[in-house]
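Visitor: Heads up: the protein sequence lines correspond to chains B and R, in order. Residue numbers for the first sequence, in our numbering: 1 to 107. Residue numbers for the second sequence, in our numbering: 1001 to 1137.
Quick caveat, the hints were computed from the structure, so don't treat them as lab data. No experiment lies behind these values; they were computed from the predicted model shown. Check each hint, because a few of them may be wrong.
[Stated by the list, open to error] Below, a sample of chain B positions facing chain R; criterion: calculated Cβ distance under 7 Å:
1) Tyr19
2) Phe20
3) Leu44
4) Val87
5) Asp91
6) Gln92
7) Val96
8) Leu97
9) Ala104
[To be verified] The calculated lysine-lysine pairs, modelled on DSS-like cross-linking and capped at a C-alpha distance of 30 Å, are:
10) Lys51(B) <-> Lys63(B)
11) Lys103(B) <-> Lys1062(R)
12) Lys1052(R) <-> Lys103(B)
13) Lys1005(R) <-> Lys86(B)
14) Lys2(B) <-> Lys18(B)
15) Lys1088(R) <-> Lys1137(R)
16) Lys1062(R) <-> Lys2(B)
Heads up, the beta-carbon is just placed ideally off N, CA and C, and yes, glycines get one too.
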Amino acid sequence: MKYLFIESRDPFESVDSKYFSELVQGVSRRGNDTTIFLVQNGVLSARKGSKHNELIRTLIQNKVEVLADRFSLRERAISSLIEGVKVSDVDQLVEVLFAPGTKAVWH
Amino acid sequence: MTSGKTLTIAIMDAPYESANSTTALRIIHAALKKGHNVNVFAYEGAVNLTMKAQQPHANPVKGTSVEEEQHPTTKDWVASLFQLASKKGVNLDWVNCGLCVDERGAGEWIGGPRRGGPKDLLDASLASDATLVIPTK
């Protein structure tokens, strides 16, 4: 199964982001093709040096593809990301949405 | 060139309240630009995105006039999405949930959207290649 998770929130705002990350990790550990698209404040954890970098590293360690929206990064003046995060955009998000069998969940 | 594929997207955030609205419009724009059909189910506060009576305003703090401020309105953004769909030869079906329209008095909207109900979301989703629901907080 393919899963696309879209994370628009951040752990500075809410502990829900941590639980959402755990959910995504669990889905990936079950052998599912899993992508998380960070958008809006969801990109804040990917800024190199953020106290919440570990949230993203754990996702990558669990074989989750982590994409970060370029527009959201520019809005927040984030130019340096932790290793393993790929800069992306909504064009790619639409492509992933249309990949056959993909289930999308927005947080 | 059209893809023949259809995306259904459900949105519920009111205009100017959340970045979700901007992202949703960006996704719809990207899908239309790629030649995909898009069904939008706007409910709750999102029925206000297309209200005809929206007007830009000046900014007295900055000292700008209406013309100088160029304040965008969501109705104009949605209108431009319909123009894009027409230019690309794809279908943009924008449904405003009638129940939500009635309770908000949001029945006067720009050309393009139509009134519908929850069944439209179900039918659209079942007939689509991809579905995305953007919830509010």
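Visitor: State the violated hints by number, sorted upward, taking the hints as numbered earlier in the document.
Guide: The structure conflicts with hints 1, 2, 3, 4, 6, 7, 11, 12, 15, 16, although it agrees with all the remaining ones.
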